[in-house]
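With the sequences and hints as input, model every part of the structure.
Quick mapping for you: the protein sequence lines, in order, are chains A and B.
Quick note on numbering: full-length UniProt numbering labels position 132 of the first sequence as 132, and the sequence is numbered without any gaps.
Quick note on numbering: full-length UniProt numbering labels position 377 of the second sequence as 377, and the sequence is numbered without any gaps.
Calculated from the structure, these hints are not laboratory results.
Every clue listed holds true.
Which chain A residues stay away from chain B? Per the calculated CB distances, all over 10 angstroms, these:
1) 5
2) 16
3) 23
4) 30
5) 36
6) 39
7) 223
8) 251
9) 265
10) 318
11) 332
12) 407
13) 411
Capping the alpha-carbon separation at 25 angstroms, the derived lysine to any residue pairs in SDA-like fashion look like this:
14) 107(A) with 391(B)
15) 169(B) with 190(A)
16) 169(A) with 171(B)
17) 169(A) with 179(B)
18) 169(B) with 191(A)
Ideal Cβ placement from N, Cα and C applies to all residues, glycine included.
Number of protein chains: 2
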Amino acid sequence: MADNRKFWTDLGMDVEKHDLLCEALPEAFGDVYLSQENRPEKMDYFNMVVADIHGIRPQELVEFQKNGGKVVGTFCIHVPDEIVFALGAINTGLCSGSQFWVPGGEKVLPSATCPLIKASLGARFERTCPFFRLADLFVGETTCDGKKKAWEVLSKDAPMYIFDLPQMKRDKDREFFKDEVRRYIKRIEELTGNTLTKEGLKDAIVLINNKRRALQRLNAFRTLENVPISGRDVLLITQIAFYDDPARFTQKLNELCDELDERVKNGVSVYPKDAPRVMLSGTPLSIPNWKLHQIIETQGAAVVGEEMCTGSRYFEKLVDESGETIEEMIDALTDRYMSGINCACYTPNDERIEDIIRLSKYFKADGVIDVNLKFCQIYDTEGIEVERRLKEENIPVLGIETDYSDNDAEQLKTRIGAFLELLKDA
Amino acid sequence: MADNRKFWTDLGMDVEKHDLLCEALPEAFGDVYLSQENRPEKMDYFNMVVADIHGIRPQELVEFQKNGGKVVGTFCIHVPDEIVFALGAINTGLCSGSQFWVPGGEKVLPSATCPLIKASLGARFERTCPFFRLADLFVGETTCDGKKKAWEVLSKDAPMYIFDLPQMKRDKDREFFKDEVRRYIKRIEELTGNTLTKEGLKDAIVLINNKRRALQRLNAFRTLENVPISGRDVLLITQIAFYDDPARFTQKLNELCDELDERVKNGVSVYPKDAPRVMLSGTPLSIPNWKLHQIIETQGAAVVGEEMCTGSRYFEKLVDESGETIEEMIDALTDRYMSGINCACYTPNDERIEDIIRLSKYFKADGVIDVNLKFCQIYDTEGIEVERRLKEENIPVLGIETDYSDNDAEQLKTRIGAFLELLKDA
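Rendered as structure tokens:
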């Protein structure tokens, strides 16, 4: 920890303020994670990463920078990691998942902004997130009004690049997206001084696909009757996927999956028999936002899937690996990153509801909880139709809205508890 | 009125519910408008239009339809009226400015949606707006998250077309917009069965420009020391511009302006000497939203300008009339409708703040009130920078957030009153 404090000071962080977060996090992690019984042993790696999430990985990134490497921070799964890795840089997620950062965001943004965006800007402006200090470039996107306008604020304090997304999915939008990928390549070429090669891009596509394959393998365990790993643990692993070195992450995750294979052979489940199975849909849960999984799983139910950016939307689809030219690979990236992501930022977005129905069947969920981060207008509006359609399909559904505070914890426990009772009775 | 009731019934309206609006509107209009002293006589035309706004004009439109004409309803100043008129159809605004329609909107949209959008959908779904019954096509746009997702809901009940807007203003976005104009032409050609000609488009450009010129002429009176017409009256005229026949509107407005010329010669002002001069900036004020003008002007101040969609953003810039081919005219429309509108939906949008500063000087405003309709994230976020920049320019500024209810009337009166005192003392 002493090492970390010097490291953080050198990064220009407000170390005293950051101490408050460092004090709170171990307790939260202990409550949610270490209290679980019968966790897989190979969770140790992920426990270790989280325990020192503002130390180990940021130090690696700074070492990389000392050798001339560049680090790119991104906020959204629409921005292709492959470009960054293909050009010899490293892509990282950014702090956005704790109430700790929200008041800082509210100093520069309207309070009627979603907590994820407020937390992001708070983490930067209050200098309490190492990733937000060290990145050489921050890549925002035009997914939603809140983010689009927040980047204007952030750009006054940080080096920003905006990846512009289309709002529809027609042929012309596809061409628009491909052009944005080309522009992004140019920008990262400028940043790194490197030139994109087809070999480099192909390797990066395989690198990131392998991470997705490992996450798919992990999530397939959740479809079983005996689920060998908790929803909380899967969420944690998915959250770490945004930060960790992709090759190492993939290896560690596959080691965990090997252990889970053994558990399956032995019929091990982390849940009581007949625990209700719940899938979540909606807005992302970024680290350390474990609130809903904790509420659901401590009431004896299982979270078996997430139709979320921190869930299936992140890993379910691969980039086609057969491209031989850069243009063919840009086409494959567009298939994956535009056509393949059914985000509420698109209109229309009926495919997302089909995804929810399909995934709830894949994960054998007894019901769906559709989650909206407060003031996220796009998912909030879509939620009305999600609920209507799921009811039509006879899939029990509960729509909830929440933020990062604990103010609504009791109310959520009550509402979710009643929903779980309903699932048990069904 | 008996005639109107039959007419409304034939349109499929909920006449009993609509009666409640009909009962409330005359009193509101009386309070805000007829109570004013020393109004120009030529306001009579506009009084008459408003007094029967759900009767006279809708009846004209239905007559037009009986002869095979088509009516297109639009929600946003980004969608070029010229296309519709050039193809022999009529463009009309749609109900969106009263709390009366909000509860109906809240049945189909999240309550955390801006009142303008909720009122629009409420007016349609509850069948209490003739324009929302009679239009042959409704044209939404992708300006903001709230609208973009609301059109998905509306499209389940009404024939919709979406005009897709870019989110930036680069060369590629300009090409994107031009392509959207071409798509829109095709759609209106389909609707009307007519084919766009360069003569037709040129005539429509002149027709709409003449309306803008008359509004520019009207607004120039507000720059004078003796202002011969109230801000309330100018707002009303601007609101009517969205509904009325453009040629007739232009003629009637020019007649009013002739009267105002006389007033200027005679040094007539509708305001007390030394009344503080206020410009509004921000989100639109659609009919019958007269709340802020009423609060400001009944406290002895003058509203001298609006940097709003229901204000300068609507009429300040003309479409270049020199185009000789349809493509040249599409280029001119793109100049006007994309490049020429500094809406908070674009990123970055620094030009809007330059507009506010420039217009506040043009209108010789003593201060600016920056208005945000609750839950409008784009203007809300931009408002923080608007306030910062105006303070930097030593322009007094008050940021307020409001909706269509009267709940905050007293609080607004107090805050605005204090701001006006500050302007008087300056």
